[in-house]
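Working from the sequences, and respecting the hints, build out all of it.
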Amino acid sequence: MSVSTLAPPARRGPSPRQRAKRRRLIQYVVLVAAIVVLLLVADWQQIGQVFFRSDMIYATLTQGLGTALLNTIIYSAGAFIFGLVGGTILALMRLSSVAPYRWIAGIYIELFRGLPALIVLLAFGLLPLAFSGLIIPFDPYGTVWLALGIVAAAYMAETIRAGIQAVPKGQVEAARSLGMPAGVASRKIVLPQAFRIVIPPLTNELILLVKDSSLAYILGLSAAGYELTKYGRDLSSTNANLTPLVVAGLCYLVITLPLTFLVQRLEVRAMRGR
Amino acid sequence: MSEAVTDTATTPSAGQRDAVVEVLDLHKSFGSVEVLKGISTVIHRGEVVCVIGPSGSGKSTLLRCVNLLEEPTSGRVVVMGEEVTDPDCDIDRVRSNLGMVFQQFNLFPHINALQNCTIGQISVLKRPKEEAATKAQENLAKVGLAGRESAFPAQLSGGQQQRVAIARALSMDPGLMLFDEPTSALDPELVGDVLSVMRELASEGMTMIVVTHEMAFAREVADRVIFMDGGRIIVEGKPDEVLEAPRHERLKTFLSRLDNSRRRERPDI
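Chain order of the listed sequences is A and B.
Start counting the first sequence at 11; every next residue gets the next number (our numbering).
Start counting the second sequence at 38; every next residue gets the next number (our numbering).
Quick caveat, the hints were computed from the structure, so don't treat them as lab data.
Since the structure is predicted, the reported quantities are computational estimates derived from the model, not experimental observations.
A portion of the hints provided could be inaccurate.
[What the hints assert, rightly or not] BS3-like, lysine-lysine: derived pairs with alpha carbons at most 25 Å apart:
id : chain 1 : residue 1 : chain 2 : residue 2
1  : A       : K198      : B       : K289
2  : B       : K166      : A       : K198
3  : A       : K221      : A       : K198
[What the hints assert, rightly or not] Computed list of chain A residues with no C-beta within reach of chain B, every gap over 10 Å:
id : residue
4  : V42
5  : I45
6  : R63
7  : S106
8  : Y165
9  : G235
[Said to hold, decoys possible] Here are a few chain B residues that face chain A, going by a calculated C-beta distance under 10 Å:
id : residue
10 : I128
11 : D129
12 : R132
13 : G136
14 : M137
15 : F139
16 : Q140
17 : G157
18 : S160
19 : R205
20 : M209
21 : L215
22 : S221
C-beta: ideal position from N, C-alpha, C; glycine also.
Here you go:
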């Protein structure tokens with residue numbers, strides 16, 4: 011110990027840094043041990059047969075996966091458009107100077123954010139039964155678009171409202187000072203900025219909708235209307251094998267992972283822009 | 038500097054020149070708080086008027102009443118012959134002829150410097166794009182930012198942003214420029230560039246109303262200084278009269294406080 015007299019008295023045993031190192035080592039040992047045990051104990055043949063059976067993969071890919079994937083995209087994209095339009099209207103109502111509009115939008119938002127999407131979907135599925143003669147156009151697409159869109163609108167309304175409010179008041183003042191009428195100032199200055207702010211959270215909303223479109227399995231769908239979950243589930247139960255569900259799940263990831271990546275990119279860009 | 042002062046003293050008396058802004062018994066209340074308690078003054082063509090006073094004295098509110106960013110509670114404001122307090126007044130048209138420069142710059146962050154200077158020309162004045170771009174380039178060069186046309190506001194320093202904001206206002210060919218504490222949000226070393234742009238504008242004969250705390254600028258550039266306190270104009274006159282030999286008690290206190298805080302910042306003065 012050539013250190014000056016200010017150094018603390020020599021410690022017995024390991025330093026804190028050494029102890030931390032030892033703790034990390036133990037954690038690695040536990041991890042490796044768990045993996046080794048898993049490799050030895052698990053029946054890999056069986057697992058492979060249940061989750062990744064090659065002939066089942068082939069059957070799943072060829073018996074209409076494309077239609078199911080396309081349907082999932084149609085269900086979620088349609089619901090997203092419904093939600094976006096409804097959400098924008100609700101957001102503008104929330105910011106209206108006419109109090110009853112604010113109340114109506116507020117009640118709507120709280121109501122549909124508090125309800126399970128499944129209940130709303132079931133209700134819309136049963137509507138034509140309850141009201142004889144009522145026809146929802148483009149069934150089953152229209153039913154899913156309406157039900158999921160109505161719920162999504164409630165969430166999107168809050169996002170869009172926050173985006174509009176996040177544009178500083180000085181922006182409107184600067185625009186109006188140039189002589190722009192209120193509508194032009196909104197269109198050219200406020201909305202473009204608000205839109206930039208809400209793109210990442212709205213993309214998240216789209217990801218949620220892609221996953222929520224799986225709820226459509228609860229409707230009595232004809233084969234042409236199958237989406238990924240219903241398709242995978244049917245094949246899985248008729249064959250008593252999970253491979254079709256795994257394939258369906260991977261298809262969701264093919265849609266959602268690029269979107270997640272996109273959100274991250276957009277968020278980084280938004281941070282840089284300000 | 039003293040030459041400039043005698044110069045303004047020999048120009049014809051104010052009443053003979055055209056009035057650009059006439060304010061008559063202007064009152065403004067926010068809720069129960071009366072911020073402006075009867076302001077009357079006239080700003081003439083080519084005049085540079087600096088409005089000074091402690092914070093909360095109503096000087097910014099007065100400026101914002103001129104282009105109706107604040108709606109006056111009562112009184113009359115006439116800008117270039119149009120009574121903006123008249124409900125039938127086309128305020129957008131009047132505003133397009135009024136340049137406003139804000140303390141926080143308020144540049145549009147989603148478009149670049151050039152577009153900041155063209156958007157008003159194109160959407161309000163309906164100028165063709167090429168003409169607007171040429172005009173914008175001229176004004177950016179004038180404020181010392183030639184070559185930065187494609188920079189976004191976030192890529193510019195505060196001083197540069199404020200100069201783009203001045204160029205944006207100038208691109209509308211305004212008959213009057215309003216400055217609301219244009220240097221208050223800037224780092225001290227960036228203030229000089231903005232003030233020199235304003236000085237140049239003043240020397241070109243631009244009519245300007247400047248709310249400011251920069252006493253040296255007021256002393257040097259202003260034709261007239263208005264001292265406000267408590268929502269009233271307390272003193273107004275030529276800068277040497279108002280600032281060099283303050284007679285009014287509140288003005289004296291205000292100036293000495295300003296002096297003290299300046300000394301605290303820079304003990305070498």
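### Task
Report the numbers of all earlier hints that the structure fails to satisfy, in ascending order.
1, 3, 22
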